Amino acid sequence: MSSFRVLVVDDDPDMAAFLAKIITAEGMVADAVYDGDSALLSVLTQAPDLVLLDVMLPGKSGFDICEHLKSDPATALIPVVLVTALEDHESRVRGIQAGADDFLSKPVNREELIARVKTLRRLHETRRELEERRLAAEVQRKEAIRKAFSRYVSPRLADTIIRDVGTDDAPFKAHAHRAEVVALFADLRGFTRITESIAVHNVVEMLNEFFSVLTEAAYHHEGTIFNMAGDSLLVGFNVPFPQPDAPARAWRTAVDMVSSFGPLSVAWRGRYGVETGVGIGICSGEAIIGNVGSPHFMSYTVIGNPVNTAARLVQMAQADEVLVAGAFYQSIRDLVPEARVQARGDIALRGMSEATAVYSIRL
Amino acid sequence: MGEDVYKVKVAKDLEDLIPTFLGNRHKEIDALRVALAAADFEQLRQLGHRMRGVGNSYGFERISVIGKHIEDGARGGDKAALAAQIADYSDYLSKVQITYE
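One line per chain: the protein sequences are V and C, in this order.
Numbering-wise (our numbering), the first sequence opens with residue 1 and increments by one.
Numbering-wise (our numbering), the second sequence opens with residue 364 and increments by one.
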């Protein structure tokens, strides 16, 4: 059990010494001060677990000190015992009004002092224990929410949602907004053959393995997963948090996805005799971000040209190939070995009004 | 004056505090006399109040009793009664014998 610290406040040094002696004999720690200002300073410096407070003090009275302590949320829970030779009814009422937790009459009876202090100590420690349990439960609850959220959004985003929930800074703003984003689509090559030739339960297991690899890469670079459908994954960068290095993050995510999937692809070949790979499409630009849905179901969504373009690019990408739009390529070209890059020229992508400069990067 | 000897039992663990405690009581008599000479009844009341609180806490019941008389006497402004109480207090302190247990 941690030491229980009692602050004794009495302008009579003999009385203070007596009270401190009894407290110490009971295995508690006692500090003595002799006026109100010193008492307040002592509480501020090191909050005690209990205050034994004389009423008739020079300057600020014990009532004043008690009122002060009880009106401050930081000290309001510290038990205060008023020690007084005042026996009149008015003084007791004044003490209660000041917020005193208990009274002790002077001359002080040793047994009564010990009994009162011990009772308040038990109450104080029980209250502290309950508070600690409440805090532990709160932490546990937040951790459970964080874990649940982390299955859908990056751990950092989950932490921020929990921290900011109910504030104006919440990342999932009620209103939609425009922002520069980098959209990355990743898709499993060879999936059609898998669904045709492999048992259903194995297909589900393979998809789980596939998405585990991809989501790990996305979260590692703090991307936000917007959509997971069929064998395809949509990851956004620079949203909902600003990421000045969003293009580099997206690029590294693509590299990690392909390299991490390599061993899994080899394992599948051995297990099921299928050839697989990851195809990736990336495009940057302005998009609309917001919650779309109904009061019963909502989806945090990114809509716009970069998403559509990335979707078209991934459809064209071969296994272990990253197809990127021109503007995005310019922002990462320093990171990519030139030998791996092939300009495909301006391509008219389906559904797009203008041709898009496309670069192929082989990994 | 009172008895020849006043015997007081004090808790053993307070023994080391007693020399200072008694030293302060002697100083208290001086302060009481000064206050009485100046007819400072508020000071007398405060000193009596303090004696009442501290006396029997240490086991010196008579100090608390005298303190209450001084406190009450100060409120009434009765100098003769106060002088008698201070004399009684001085006599008590000169004759008190302590045993620790």
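Keep in mind that the hints were calculated from the coordinates and are not lab data.
Hints are not guaranteed to be accurate.
[Said to hold, decoys possible] In silico EDC-like cross-links for lysine to aspartate or glutamate, where the CA-CA straight-line distance does not exceed 16 angstroms:
| id | chain 1 | residue 1 | chain 2 | residue 2 |
| --- | --- | --- | --- | --- |
| 1 | V | LYS147 | V | ASP88 |
| 2 | V | LYS21 | C | GLU378 |
| 3 | V | LYS70 | V | ASP88 |
| 4 | C | LYS431 | V | GLU26 |
| 5 | C | LYS458 | C | ASP379 |
| 6 | C | LYS370 | C | ASP454 |
| 7 | C | LYS442 | C | GLU405 |
| 8 | C | LYS390 | C | ASP376 |
| 9 | C | LYS442 | C | ASP403 |
| 10 | C | LYS375 | C | GLU464 |
| 11 | C | LYS370 | C | GLU464 |
| 12 | V | LYS21 | C | ASP454 |
| 13 | V | LYS147 | V | ASP159 |
| 14 | V | LYS21 | C | ASP376 |
| 15 | C | LYS375 | V | ASP64 |
[Unchecked claim] Beyond 10 angstroms from chain C on every Cβ pair, some chain V residues (computed):
| id | residue |
| --- | --- |
| 16 | VAL33 |
| 17 | ASP35 |
| 18 | MET56 |
| 19 | GLU67 |
| 20 | THR75 |
| 21 | LYS106 |
| 22 | VAL108 |
| 23 | ARG110 |
| 24 | ASP159 |
| 25 | ARG163 |
| 26 | ARG178 |
| 27 | ARG189 |
| 28 | SER197 |
| 29 | ASP245 |
| 30 | ALA267 |
| 31 | ALA348 |
None of these values were measured; they are calculated from a predicted model.
Cβ coordinates follow ideal geometry from the N, Cα and C atoms, glycine included.
Under the criterion that the straight-line Cα-Cα distance not exceed 16 angstroms, is the pair LYS390 of chain C, ASP376 of chain C satisfied? Violated - the C-alpha atoms of ASP376 of chain C and LYS390 of chain C are around 24 angstroms apart, more than 16 angstroms.
Mind verifying the non-interface call on ASP159 of chain V? Its CB should be farther than 10 angstroms from each CB in chain C. holds (55 angstroms)
Minimum Cβ distance from GLU67 of chain V to chain C greater than 10 angstroms, as the annotation requires: About 22 angstroms separates GLU67 of chain V from the closest Cβ of chain C, which puts it past 10 angstroms; holds.
16 angstroms limit on alpha-carbon distance, applied to hinted pair LYS442 of chain C and GLU405 of chain C: holds (13 angstroms)
Check whether the Cα positions of LYS21 of chain V and ASP376 of chain C lie no farther apart than 16 angstroms. Roughly 8 angstroms separates the two Cα atoms, so the pair holds.
10 angstroms Cβ clearance of ARG163 of chain V from chain C: holds (53 angstroms)
Given the hinted pair LYS370 of chain C and GLU464 of chain C, is their Cα-Cα distance within 16 angstroms? holds (13 angstroms)
Does ASP88 of chain V lie within 16 angstroms of LYS147 of chain V when you go C-alpha to C-alpha? Since the Cα atoms of LYS147 of chain V and ASP88 of chain V sit roughly 60 angstroms apart, the hinted pair is violated (cutoff 16 angstroms).
Confirm or reject the statement that VAL33 of chain V sits farther than 10 angstroms, beta carbon to beta carbon, from all of chain C. holds (17 angstroms)
Minimum Cβ separation between ALA267 of chain V and chain C greater than 10 angstroms? holds (77 angstroms)
Taking only the CA atoms, is the gap from LYS375 of chain C to GLU464 of chain C under or equal to 16 angstroms? holds (5 angstroms)
Please settle this one: SER197 of chain V was flagged as non-interface, so is its CB more than 10 angstroms from every CB on chain C? holds (89 angstroms)
Checked against the numbered hints listed earlier, the structure breaks hints 1, 3, 4, 5, 8, 12, 15, 18, 21, 22 and 23; every other hint is satisfied.
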